[in-house]
Amino acid sequence: MCGIAGFVGTRPIAPAARRAMLAALATRGPDAAHEAAWRDGAPVSPEQPADAALLHARLAIRDPRPVADQPMVSDDGDVWLCYNGEVYGWESEAAELKAQGAVFRTTSDTEFILHAYRAFGFPALLDHLRGMFALAIYDRRAGRLGHLYLARDRMGLKPLVYGLRPDGLAFGSTVRAVLPWLPPEAREFSPEAIDAYLAHRYVPAPHTIFANLQRLENGHYLSYDLATGRADKVRYWSLPSAQPGAAPVAADEALDELRQAVDLRTVADRPLGVFLSGGIDSSAIASILATGGHADLGTYTAAFPGSSFDESRDAGEIAAALGLKNLAIPVPTRLDDHFARIVADLDEPFADPSSFPTWFLARETVKHVTVVLGGDGGDEIFAGYKRHAKHMRTHWRAGLRLPLPPAASLTGKSWGKLSDEARLPWATAYTLRFSGFTPAQRRHLETRAPAREVWWRPADSAPAAPLEQLLALDFANTLPEYILRKADLCTMAHGLEMRAPLLDHRWLEKLAGVAAAEHFTRPAKSLLARVMEPLAPLRLFERKKRGFNPPLTDWLRDDLRARLDGLGERLAARTDGQLRADAVQSLALAYYGGARHLAEQLLQLYILDESLGQLDALRKAA
Numbered sequence: 001m002c003g004i005a006g007f008v009g010t011r012p013i014a015p016a017a018r019r020a021m022l023a024a025l026a027t028r029g030p031d032a033a034h035e036a037a038w039r040d041g042a043p044v045s046p047e048q049p050a051d052a053a054l055l056h057a058r059l060a061i062r063d064p065r066p067v068a069d070q071p072m073v074s075d076d077g078d079v080w081l082c083y084n085g086e087v088y089g090w091e092s093e094a095a096e097l098k099a100q101g102a103v104f105r106t107t108s109d110t111e112f113i114l115h116a117y118r119a120f121g122f123p124a125l126l127d128h129l130r131g132m133f134a135l136a137i138y139d140r141r142a143g144r145l146g147h148l149y150l151a152r153d154r155m156g157l158k159p160l161v162y163g164l165r166p167d168g169l170a171f172g173s174t175v176r177a178v179l180p181w182l183p184p185e186a187r188e189f190s191p192e193a194i195d196a197y198l199a200h201r202y203v204p205a206p207h208t209i210f211a212n213l214q215r216l217e218n219g220h221y222l223s224y225d226l227a228t229g230r231a232d233k234v235r236y237w238s239l240p241s242a243q244p245g246a247a248p249v250a251a252d253e254a255l256d257e258l259r260q261a262v263d264l265r266t267v268a269d270r271p272l273g274v275f276l277s278g279g280i281d282s283s284a285i286a287s288i289l290a291t292g293g294h295a296d297l298g299t300y301t302a303a304f305p306g307s308s309f310d311e312s313r314d315a316g317e318i319a320a321a322l323g324l325k326n327l328a329i330p331v332p333t334r335l336d337d338h339f340a341r342i343v344a345d346l347d348e349p350f351a352d353p354s355s356f357p358t359w360f361l362a363r364e365t366v367k368h369v370t371v372v373l374g375g376d377g378g379d380e381i382f383a384g385y386k387r388h389a390k391h392m393r394t395h396w397r398a399g400l401r402l403p404l405p406p407a408a409s410l411t412g413k414s415w416g417k418l419s420d421e422a423r424l425p426w427a428t429a430y431t432l433r434f435s436g437f438t439p440a441q442r443r444h445l446e447t448r449a450p451a452r453e454v455w456w457r458p459a460d461s462a463p464a465a466p467l468e469q470l471l472a473l474d475f476a477n478t479l480p481e482y483i484l485r486k487a488d489l490c491t492m493a494h495g496l497e498m499r500a501p502l503l504d505h506r507w508l509e510k511l512a513g514v515a516a517a518e519h520f521t522r523p524a525k526s527l528l529a530r531v532m533e534p535l536a537p538l539r540l541f542e543r544k545k546r547g548f549n550p551p552l553t554d555w556l557r558d559d560l561r562a563r564l565d566g567l568g569e570r571l572a573a574r575t576d577g578q579l580r581a582d583a584v585q586s587l588a589l590a591y592y593g594g595a596r597h598l599a600e601q602l603l604q605l606y607i608l609d610e611s612l613g614q615l616d617a618l619r620k621a622a
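All the letters of the sequence shown, read from the start, carry residue numbers 1 to 622 under our numbering.
Hints in this document: simulated from the structure, not taken from any laboratory.
Among these hints, one or two may not hold up.
[As the list claims (entries may be wrong)] Heads up, simulated DSS-like pairs for lysine-lysine below, C-alpha to C-alpha not over 30 Å straight-line: (1) K413 - K325; (2) K545 - K386; (3) K417 - K544.
[What the hints assert, rightly or not] Quick list of the computed label-pair ranges, beta carbon to beta carbon: (4) E91 - T291: 20 to 28 Å; (5) R39 - R530: 57 to 65 Å; (6) V67 - R39: 31 to 39 Å; (7) L552 - A389: 49 to 57 Å; (8) A398 - R39: 52 to 60 Å.
By construction, the Cβ of each residue, glycine as well, lies at the ideal position given by its N, Cα and C atoms.
Please build the complete structure, drawing on both the sequences and the hints.
What follows is the structure, given as structure tokens:
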């Protein structure tokens with residue numbers, strides 16, 4: 001786990017800009033920070049301008065010795081690797097490469113990737129990587145006119161942002177790590193991204209909040225030819241779906257793959273634990289660990305004392321049944337001065353309320369372990385959200401769209417919401433089941449009509465089954481850019497690595513072949529009961545699903561209330577007039593006047609205000 005950044009091109013980048021890029025990655029890699037830089041193909045020092053550079057901040061998990069630091073170079077000096085993530089189960093292939101003459105100086109997965117690239121080339125290399133990764137390979141075998149390859153893992157567990165201009169290409173783990181590379185005149189906010197954030201609570205890939213920076217989609221790679229300046233983006237993997245006529249995969253065979261996925265993710269040279277809630281997903285991971293010989297691991301739970309959302313008692317009960325230790329970590333009831341820091345750690349406007357407890361949980365957990373396994377992905381895999389069932393009830397109108405006039409609305413309820421959904425195709429309207437501001441509300445808030453009603457990108461696959469169509473949309477949008485982005489940013493803000501066994505691609509490929517009646521059940525995820533036998537007496541599948549929500553009402557009433565004054569004017573100024581000051585202020589006042597259903601949307605505006613303020617200061621820096 002680490003932070004990466006870099007660039008190639010013809011424009012010399014000053015040392016101060018490179019230092020700013022590396023500094024933006026500091027929390028992601030607290031153990032080491034290094035740079036490799038060149039000018040006209042020759043190495044330069046950190047005090048000299050460079051037209052190519054690789055920057056790396058390391059969180060050392062496998063082989064913590066300095067010899068495994070990055071950027072890492074091949075023995076002949078021709079190929080450089082800058083990599084963030086963890087890949088698993090590579091040791092047997094490394095042994096084969098050694099037998100063919102490869103010399104390994106470390107026991108790190110980084111060196112395996114470097115040797116595998118030399119052995120298999122690109123993109124064939126990606127077939128040999130099981131796990132999570134964002135990587136940059138700079139192949140200089142053609143001198144300074146070589147190739148740069150960027151790749152993001154299949155699920156999108158690791159982020160990768162890039163900027164492409166006529167004078168070169170830059171990349172990084174975060175928007176803030178790439179921003180110093182952009183010339184000051186190219187650092188404008190994207191009106192489309194601001195609208196997309198309002199619509200979805202985050203900026204969906206391939207967009208970022210900046211018009212001249214993009215986000216590489218999960219399961220994609222980018223190839224950049226320095227000689228021609230041409231960049232080609234390619235999708236190399238998509239979520240598998242059931243194949244008509246194929247013999248079904250036995251459930252036990254698929255679950256064996258899941259057990260292996262969990263076991264592979266226990267390999268680390270630093271202390272390891274588990275994020276445990278009271279839900280099915282993390283309980284399944286904990287059960288596999290406990291029954292597989294890892295009963296010495298600690299589990300860590302966010303506690304909300306006195307709240308209906310508090311799962312710490314349930315988690316303690318689950319841990320006890322498995323013979324695992326559990327530490328309940330209370331989420332603070334006051335934000336105090338943490339709000340600005342958390343918004344900064346979220347990189348760009350991002351308004352998942354659960355980011356706040358996740359950030360606090362990670363802050364305390366890293367005091368005990370450096371790596372945690374979590375249950376992310378279970379609801380997307382097994383259609384476990386209420387929105388899945390709710391939207392399936394309207395599938396009868398799959399081919400029906402009504403030409404209703406667009407409405408503008410402060411509340412986002414009643415006719416405006418209904419007409420928005422009825423105008424959209426059935427699958428597209430699914431995005432409204434999980435939205436920030438409805439299209440009608442955005443028409444009320446913005447000075448011009450939104451360019452698009454929804455900003456989710458199309459799914460990477462086209463399954464025949466309606467439910468699988470919704471899941472494919474999740475895998476292209478909310479899973480990588482909302483659920484996993486939150487997990488990555490909140491844990492890496494504290495130098496904590498999180499691993500997600502339920503998103504192992506080989507397990508998902510097996511699961512796709514399991515009969516639909518066993519895969520999609522009511523209650524959801526019943527298939528996992530087979531790996532949770534020690535927990536059967538707790539009857540977890542009969543319990544009501546709880547959210548992972550902070551004390552938002554208290555925060556809006558107390559800690560964040562002072563931000564109300566001038567909110568509309570600030571947002572109007574920071575969006576160059578895109579948002580109407582009076583409309584923003586009227587919505588905020590409506591909440592404080594009793595419209596409590598607007599709580600998450602008001603938080604969304606407060607986050608946008610703080611985030612744009614921070615980014616505005618950064619983009620104006622030299």
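Exercise for the section: Provide an ascending list of the numbers of those earlier hints which the structure does not satisfy. Expected result: Checked against the structure, the hints that fail are numbers 1, 6, 7, while the rest are satisfied.
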